[in-house]
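There are 4 protein chains.
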Amino acid sequence: MQNTAIIRIHCPDQRGIVANVTDFINRHNGNILYLDQHTDRAEERFFMRVEWDLDGFAIAPEKLQQTFEEAIATPMQMVWTLNFSSQIPRMAIFVSRASHCLYDLLARYSAGELNVEIPLIISNHKDLEQVANQFDIPYFHLSLTKDNKPEVEAEQIRLCKEYKVDFIVLARYMQILSSEFNALYPNRIINIHHSFLPAFAGAKPYHAAHSRGVKLIGATGHYVTSDLDAGPIIEQDVIKISHHDTVQSLVQKGKDVEKMVLSRAVQAHIDRKTLVYKNKTIIFA
Amino acid sequence: MQNTAIIRIHCPDQRGIVANVTDFINRHNGNILYLDQHTDRAEERFFMRVEWDLDGFAIAPEKLQQTFEEAIATPMQMVWTLNFSSQIPRMAIFVSRASHCLYDLLARYSAGELNVEIPLIISNHKDLEQVANQFDIPYFHLSLTKDNKPEVEAEQIRLCKEYKVDFIVLARYMQILSSEFNALYPNRIINIHHSFLPAFAGAKPYHAAHSRGVKLIGATGHYVTSDLDAGPIIEQDVIKISHHDTVQSLVQKGKDVEKMVLSRAVQAHIDRKTLVYKNKTIIFA
Amino acid sequence: MQNTAIIRIHCPDQRGIVANVTDFINRHNGNILYLDQHTDRAEERFFMRVEWDLDGFAIAPEKLQQTFEEAIATPMQMVWTLNFSSQIPRMAIFVSRASHCLYDLLARYSAGELNVEIPLIISNHKDLEQVANQFDIPYFHLSLTKDNKPEVEAEQIRLCKEYKVDFIVLARYMQILSSEFNALYPNRIINIHHSFLPAFAGAKPYHAAHSRGVKLIGATGHYVTSDLDAGPIIEQDVIKISHHDTVQSLVQKGKDVEKMVLSRAVQAHIDRKTLVYKNKTIIFA
Amino acid sequence: MQNTAIIRIHCPDQRGIVANVTDFINRHNGNILYLDQHTDRAEERFFMRVEWDLDGFAIAPEKLQQTFEEAIATPMQMVWTLNFSSQIPRMAIFVSRASHCLYDLLARYSAGELNVEIPLIISNHKDLEQVANQFDIPYFHLSLTKDNKPEVEAEQIRLCKEYKVDFIVLARYMQILSSEFNALYPNRIINIHHSFLPAFAGAKPYHAAHSRGVKLIGATGHYVTSDLDAGPIIEQDVIKISHHDTVQSLVQKGKDVEKMVLSRAVQAHIDRKTLVYKNKTIIFA
Numbered sequence: 061m062q063n064t065a066i067i068r069i070h071c072p073d074q075r076g077i078v079a080n081v082t083d084f085i086n087r088h089n090g091n092i093l094y095l096d097q098h099t100d101r102a103e104e105r106f107f108m109r110v111e112w113d114l115d116g117f118a119i120a121p122e123k124l125q126q127t128f129e130e131a132i133a134t135p136m137q138m139v140w141t142l143n144f145s146s147q148i149p150r151m152a153i154f155v156s157r158a159s160h161c162l163y164d165l166l167a168r169y170s171a172g173e174l175n176v177e178i179p180l181i182i183s184n185h186k187d188l189e190q191v192a193n194q195f196d197i198p199y200f201h202l203s204l205t206k207d208n209k210p211e212v213e214a215e216q217i218r219l220c221k222e223y224k225v226d227f228i229v230l231a232r233y234m235q236i237l238s239s240e241f242n243a244l245y246p247n248r249i250i251n252i253h254h255s256f257l258p259a260f261a262g263a264k265p266y267h268a269a270h271s272r273g274v275k276l277i278g279a280t281g282h283y284v285t286s287d288l289d290a291g292p293i294i295e296q297d298v299i300k301i302s303h304h305d306t307v308q309s310l311v312q313k314g315k316d317v318e319k320m321v322l323s324r325a326v327q328a329h330i331d332r333k334t335l336v337y338k339n340k341t342i343i344f345a
Numbered sequence: 061m062q063n064t065a066i067i068r069i070h071c072p073d074q075r076g077i078v079a080n081v082t083d084f085i086n087r088h089n090g091n092i093l094y095l096d097q098h099t100d101r102a103e104e105r106f107f108m109r110v111e112w113d114l115d116g117f118a119i120a121p122e123k124l125q126q127t128f129e130e131a132i133a134t135p136m137q138m139v140w141t142l143n144f145s146s147q148i149p150r151m152a153i154f155v156s157r158a159s160h161c162l163y164d165l166l167a168r169y170s171a172g173e174l175n176v177e178i179p180l181i182i183s184n185h186k187d188l189e190q191v192a193n194q195f196d197i198p199y200f201h202l203s204l205t206k207d208n209k210p211e212v213e214a215e216q217i218r219l220c221k222e223y224k225v226d227f228i229v230l231a232r233y234m235q236i237l238s239s240e241f242n243a244l245y246p247n248r249i250i251n252i253h254h255s256f257l258p259a260f261a262g263a264k265p266y267h268a269a270h271s272r273g274v275k276l277i278g279a280t281g282h283y284v285t286s287d288l289d290a291g292p293i294i295e296q297d298v299i300k301i302s303h304h305d306t307v308q309s310l311v312q313k314g315k316d317v318e319k320m321v322l323s324r325a326v327q328a329h330i331d332r333k334t335l336v337y338k339n340k341t342i343i344f345a
Numbered sequence: 061m062q063n064t065a066i067i068r069i070h071c072p073d074q075r076g077i078v079a080n081v082t083d084f085i086n087r088h089n090g091n092i093l094y095l096d097q098h099t100d101r102a103e104e105r106f107f108m109r110v111e112w113d114l115d116g117f118a119i120a121p122e123k124l125q126q127t128f129e130e131a132i133a134t135p136m137q138m139v140w141t142l143n144f145s146s147q148i149p150r151m152a153i154f155v156s157r158a159s160h161c162l163y164d165l166l167a168r169y170s171a172g173e174l175n176v177e178i179p180l181i182i183s184n185h186k187d188l189e190q191v192a193n194q195f196d197i198p199y200f201h202l203s204l205t206k207d208n209k210p211e212v213e214a215e216q217i218r219l220c221k222e223y224k225v226d227f228i229v230l231a232r233y234m235q236i237l238s239s240e241f242n243a244l245y246p247n248r249i250i251n252i253h254h255s256f257l258p259a260f261a262g263a264k265p266y267h268a269a270h271s272r273g274v275k276l277i278g279a280t281g282h283y284v285t286s287d288l289d290a291g292p293i294i295e296q297d298v299i300k301i302s303h304h305d306t307v308q309s310l311v312q313k314g315k316d317v318e319k320m321v322l323s324r325a326v327q328a329h330i331d332r333k334t335l336v337y338k339n340k341t342i343i344f345a
Numbered sequence: 061m062q063n064t065a066i067i068r069i070h071c072p073d074q075r076g077i078v079a080n081v082t083d084f085i086n087r088h089n090g091n092i093l094y095l096d097q098h099t100d101r102a103e104e105r106f107f108m109r110v111e112w113d114l115d116g117f118a119i120a121p122e123k124l125q126q127t128f129e130e131a132i133a134t135p136m137q138m139v140w141t142l143n144f145s146s147q148i149p150r151m152a153i154f155v156s157r158a159s160h161c162l163y164d165l166l167a168r169y170s171a172g173e174l175n176v177e178i179p180l181i182i183s184n185h186k187d188l189e190q191v192a193n194q195f196d197i198p199y200f201h202l203s204l205t206k207d208n209k210p211e212v213e214a215e216q217i218r219l220c221k222e223y224k225v226d227f228i229v230l231a232r233y234m235q236i237l238s239s240e241f242n243a244l245y246p247n248r249i250i251n252i253h254h255s256f257l258p259a260f261a262g263a264k265p266y267h268a269a270h271s272r273g274v275k276l277i278g279a280t281g282h283y284v285t286s287d288l289d290a291g292p293i294i295e296q297d298v299i300k301i302s303h304h305d306t307v308q309s310l311v312q313k314g315k316d317v318e319k320m321v322l323s324r325a326v327q328a329h330i331d332r333k334t335l336v337y338k339n340k341t342i343i344f345a
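Heads up: the sequence lines are chains W, G, B and Z, in that order.
Positions in the first sequence are counted from 1; adding 60 to them yields the working numbering.
Positions in the second sequence are counted from 1; adding 60 to them yields the working numbering.
Positions in the third sequence are counted from 1; adding 60 to them yields the working numbering.
Positions in the fourth sequence are counted from 1; adding 60 to them yields the working numbering.
Here chain W stands alone, though its shape is the one from the complex (with noise of 0.2 angstroms):
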């Protein structure tokens, strides 16, 4: 498998970005292997992905931080990240009582579908350990209760920095977590709500699409921010219903669409193709 390196980038707008960047990796002999960029004229930004080829490539990976910021992102005002495909995230999965999401990100682990390691799954309940047992990860049962819930984000912090945790997927998890616990994420804990947002935020959306007797039903893939559901959007899809449906037969197709939509968001982020500005994702190609 090859090496590459992976540049996301945002900066203001202006003449010559492209042909900086591209000259930059073609000067030192690296060969681009994708390359999306997007302006936003409304906000005279300007966003691209490049990936090239790490092979030959003549500045060393440690050294490659430094002399793109220096020769390249400081003076055209960029924020920007750089990743090396070699460099495995490592993903913790929060989950409650609900097996559907947990199964289909596992299964794809299991069939090398996901680029990842998964090193722990923490759960405020213990149906799920079954499951992680299936797979061989740890399951660490952390119970809520009212009053439980900073020794239990404590807790849940500490085995993430254990476990090296880079990003965390809330895979129908059913729990807030506080702003500090998101401060330290963030861009990095992906939620699944099982509507199409902005419609239907909050507990219990499956009853309030059934009550408001909608046509279709969704789920929404989105980065975790202090403002419960509102967070930046990376996937959303739907799917069609009609008046024969139940507040249960949605629940039980709606599985599917949350299942798929939390999959996919989560293969964008660890292909690093996701990018946030003001509260809105960029997805790259």
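Keep in mind the hints are simulated off the structure, nothing from the lab.
Because identical chains share one entry, a pair is satisfied inside a single copy or across any pair of copies.
Simulated pairs of lysine-lysine, DSS-like, Cα-Cα distance not exceeding 27 angstroms:
| # | residue 1 | residue 2 |
| --- | --- | --- |
| 1 | K300 | K313 |
| 2 | K340 | K264 |
| 3 | K338 | K313 |
| 4 | K338 | K300 |
| 5 | K300 | K264 |
| 6 | K123 | K224 |
| 7 | K313 | K264 |
Since the structure of chain W is provided, determine the placement of chains G, B and Z on it from the hints.
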């Protein structure tokens, strides 16, 4: 073309409804063409649409209402309506400036695909008079100001009565009708709202969608009630969008989903396939 | 959980079918839960599925077949089947190497979403034995060579009989069953084909799709007949692709639509909502 | 409105293409508005579309072709085309009897949504002359018989030349053009086929779809080549159908997907976002 009778029913759920209704039709020598039924167990309510060929039917059309009422509907506490396919409904179209929904309806009408009469088009602007002229349909321009809404509504109502209008389609009319107007056409005014309700109710939904950073936009065809954008939903659909989209491109892409959703909602209404119960619709097959 | 009776019928179109069937159920004190019917006017054929609560029903389950046959089915020339919801069907899964469809089925099964027993999994490869072990389901590896297909099929049939299998799901099994095998399970073997049939029947559909430059790929869940990839279609779906996709990315994206389509087809079969007539399916509501 | 230059390129994959092209534009003071590129690794071929503002650009439009050819295209073995947004393409529409695609195109045109001129409509039937009159577009009725196809084509070609037609849209024209005709407009004749190709190529696809019992029908917008229904696909879409659908209802439902797919394909062509390579299309963002 066949002359058929169409009955739409709802009543308390109870044994024998389908048997009683179908037996009534069979006994009088009616040939059932379509039958669709639904039971809402939470509401303990039964819904049915049945359509049969009147050729050879033993009860004269003008006696059918009373005969069925006495024999079946009253004993089973039915709320029901009777229509004949020979009654071509008369549809008024209200528009403002955008032509896409109007053209889509008129193109279908012109091709003989909508079994409807369109006696008039009413607008608060002159822009689409030319479109009405293309299809030889009377166009009434009633200019709206801050102060003349009651007079304009009075004239709209007078025109609808004069032209014997059965139902009204708000084809991006962009004005709110008064509760009094709505009350004259209960479940007989169809609006297209340019979002997947309940998300982005109210004005400028594409601006709101762009601002929120959603990954899909939609449209909702619904019956108008006095509660703005909260009436019974007939049809909804969405299309995928991306970070490349501007407010302007959302407006443009949205037109396609708006016109398709509205035309499908209008088609369902014309075919007498809709039934409203407690602010939700049953859409029969 | 309710014990219900489910009848699926087709017969020549004629007056009084719905009335006769529903009257039969009502007269014997049965409460109809679901009823869906369809008339194919070109074929002059009537189709119906009706499900009713057996609680308080006046005919004993073991007498129902004969009573309905004499009273209704024979006079109306019905081809029909009777099932009871208390009969949990037993499903064998045949796999080769790809795990996505198997995991999707087993995750649903494990969550109690599929009302089915899965007594065994059969494969021509060892790859997925580990998955079967995760879910504690017996796994039989029957290695296929050029020469031993008859022996392998004999053993497959023996196992299916021993384990009292009602129907078989080919979850990307990638092998063709003999006509003799198919004849043992008519309309009871479900295959997932990785294209929107009839496009790209046969081997390597993603290669063919890539070569043709289509803009969408799909999957087809169908009953297996002796005519390869030509059996009655139960369910189909597609996803959009683009020029960016390689054969490899089509294979990967295709997995998502394959597993969803197969699971929906299996669900419809388990719920006794499918009916085959002249190589086409009726899928009841 | 901005005057922009649009370049579409394909060439052997090699280092420095993006850098060279973007540097060329920047050096001559061009502001890049859109850039999208794609590398086909299997074909080792690079594709790019770049659009920039000509305001302040240092090279005069009439010298741009030669300057870019010598500086960039020849050294990099590019096959490329140059367009200016100020060149409004001239589109002929060929129709037979069905009005839905024609109305959809003309409604968009009339609303100013298609940046195109429509100098004439050609048909082998008189049916749609009235539609052309509604929009004040010259309509030429050239009646086709078994024997006069060469003469009719000669007259069609003469008209297209006289009216300076750049490309042709077959909006359900239902006739096969000769190879000689096609050769005059390579990748400049767009057809809508009423199936998801390659399924149901040829005549009567809805009859074939109904007969096969598929659960979705579709439409394909493609460039016409001498190989019937096998040209490069620009756009495809599908809609769900069911056992309730007759051939007639498929024809009716299919109209909606046909007109949407054709209009999107035409829009992509007008925006110079299509590029054909080896019978497949790149559709740029």
